[in-house]
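**Q** In order, the protein sequence lines correspond to chains A and B. All residue numbers for the first sequence refer to the numbering used here, where the first residue is 166 and numbers rise by one. All residue numbers for the second sequence refer to the numbering used here, where the first residue is 201 and numbers rise by one.
Some hints could be false.
Claimed, not checked - Pairs of lysine to aspartate or glutamate residues, derived as EDC-like cross-links and limited to a Cα-Cα distance of at most 16 Å, are as follows:
(1) A/471 x B/460
(2) A/474 x B/362
(3) B/239 x A/333
(4) A/471 x B/377
(5) A/337 x B/460
The hints are simulated quantities; they were obtained by calculation from the structure and are not laboratory data.
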Amino acid sequence: MGTNISIEEKFQAYVDAENKVEPKDWMPEKYRKTLVRQISQHAHSEVIGMQPEANWITRAPSLRAKLILLAKVQDEAGHGLYLYSAAETLGTSRDQMIADLQSGKAKYSSIFNYPTPSWADMGTIGWLVDGAAIQNQVMLTRTSYGPYARAMVKICKEESFHQRQGYEIIMKLAQGTPEQKKMAQESLNRWWWPSLMMFGPSDDNSPNSEQSMRWKIKRKSNDTLRQEFVNKTVPQAHYLGLTIPDSDLKWNEKRGSYDFGEINWDEFYNVIQGNGPCNKERIAHHVKAHEEGAWVREAALAYAEKEDKRRQNTTPAA
Amino acid sequence: MGGGWLNGVKRDFTKEEALEEYLFFLADDALILGQQLSKWCSVGPVLEQDIAIINTALDHIGRARLLYQHLAVLKGGVTTEDSLAYFRDHMDFRNALLIEQPNGHWGETIVRSFFMDTFNFYLYDRLRSCSYAPIAEVAEKSIKEITYHAQWSAEWVVRLGDGTEESREKVQKSVDDLWMWTGELFETSPIYKELDPSFVKFSTLKSSWLEKVDEVLQVATLTRPEDGVWAQTGGRYGVHSAQLGFILAEMQILPRTHPDANW
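Chain B on its own, in the form it takes in the complex:
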């Protein structure tokens, strides 16, 4: 393919495009994870944890809204937070593949959250000093809840890992199964060429993330998969797993069925 594309993936971005892409990384991660977690409502292992996980879903969706509202301003015209959530197709979503993986059992959801929450913790902590004020403001506003998410999911990894034989086995399998989706979190992207260094490059978070994951897994008596597992890729440039289609079909059905309606 010619001009600005490599292996079917767009390589050249304007400054404006790069900024939007970065915002979609953040916003779509928040929305899709929130949507996934919200499915735990009324099916959690104990009522207190239903409350905890609903609360986390609320935080993610709340953060997604702030980011989409800002994107809507950038895009102008008729774009709204809801048109961005409800009227884009899978190829326009920029969320990491990790979080579109199915909820599975409690341990799978916990491990998926633990990987993502730990990533978000280092990311948003640093984004508080992003030169782009709207991002810095969202980061400042969210860091407290993101810190809580990371603690909550790490505590659950430890509880399940160092709980019963059955729980250890189950959660170890979740770690092993989900590992191949974590490499993508630290991918480089051509958008960074257009952004100043205060837009945290995800690749720079890898060592802190790995150190924390190792620490928690060790306390949990779990083992991390060997280095060199082939990492899946695609979410950040719109190539998704089939799971996302179902997530969007469910989420978008009403506005798409009644495009002229206000809710």
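The following block holds chain A by itself, in its conformation from the complex:
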């Protein structure tokens, strides 16, 4: 074996052998950047994703449903925390990541730029949005960066629970009064296509994917994940007696998969660029909470500093 292999090649060989990359290991700068972008985007999605659901906590229609929804949003805040910590291991501070979110430099999942006008949306988000997220996250439990992979194991467990709870909400509606059925169908109509968009651009138009696959950050292509999601979800909709809003949807015997219609990519790119129905609202909400909390954070910091001083003054000299 030649001795003149580059450090990049060594890294690739290390990753190819299914080893996990840890924070102190050498890694290509672009690998680090890709991960910071992806993990922080994931963290922001958890945090921004709290908003459309928090919107229904005070109006949840039973005490049990209220508790479940509260617990779910609490889990999401927790996921946000682990993911910020995982991203911090790569040398970017949480403050910086939050500043990038608020300035629009960092993205979050576009799905949260759609509104939640209906209680049924609490079911649909769990069923479809968490379902789509799980499709992606199960793959990420095997991602090459150790702290990210480990955070994903924990997150996946909770996400599967959320998905079941979401499905339960939709099932109750689908089996309920005519008004409840209508709610369920109307919500599915709105969320189906945005859920398919969650997997990102088609493989022909996904410039970063190839390198991410090579580094084993990503292990399946966008289109593969999307197809798996469709195959898994369509029978669930049939079971509920709900109709998927796609006239091109049909089982393809030869492929052993569902064929489905073309995604509206104009809408996809517009929502990513900030033109979705709630992009401005979501960021404004985050900025407002952050600004209104500034005096509280300052107070906590000032108090902690005073306490430190008081402790030092009472510690006897050695």
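With the hints as your guide, set chain B onto chain A.
**A** Below, chain B without anything else, positioned relative to chain A:
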């Protein structure tokens, strides 16, 4: 007004009625405070505190459920925990006026919680020996979380009081503004005539509560309002501030819009 009423307020209760009233004091306090705190979800000053306050809201609503479930058994028929939460009107709620006051800024929410959590701490600690087993069981089950709430809100009062000049000013104003709602917590009620002494009379908690509040405010470099502030009253007999109407309107909208639905 005649027979059993004084100043428009019912004075005479049967044993069964008195027990239900007492349970509603506890349950409605838990539900309304939980509902109020849950509004902090996604608007807290820092993500860790969103988690903490959601957790507290979960505890309160969880405790409310246990108490309503028991009330539903007592009432029998078609009554459920949800019919009690969603199909009663403001005049049937027995929560303290303090907790229906708006969340305001973080400091106001903290002071409101601090007053209530401290009250709950002494109350539930003693209710563990209530002769009525369902209450004693809820108290036993909840005391750990209630103790944590009281510590959490007291720590925040100290942090804000002894933090910056701005935070001290803000939280002092919250203490001053909310003080007039605290007297009600220690009111006497005619229901106690029908209950044995192990149903803790709220009035007996006042000295412990005041001592703890004084202690925390002092550490926080804050001052307690002078004695003799006129105390508001009404929550324990169904006369509420206008705030409660909005809280219930928001909370009850779905079951009331679709009364035949299951969720």
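**Q** Each of the hints needs a verdict: does it hold here or not?
**A** Each hint tested on the structure:
| no. | hint | result |
| --- | --- | --- |
| 1 | A/471 x B/460 | 58 Å, violated |
| 2 | A/474 x B/362 | 13 Å, holds |
| 3 | B/239 x A/333 | 24 Å, violated |
| 4 | A/471 x B/377 | 27 Å, violated |
| 5 | A/337 x B/460 | 13 Å, holds |
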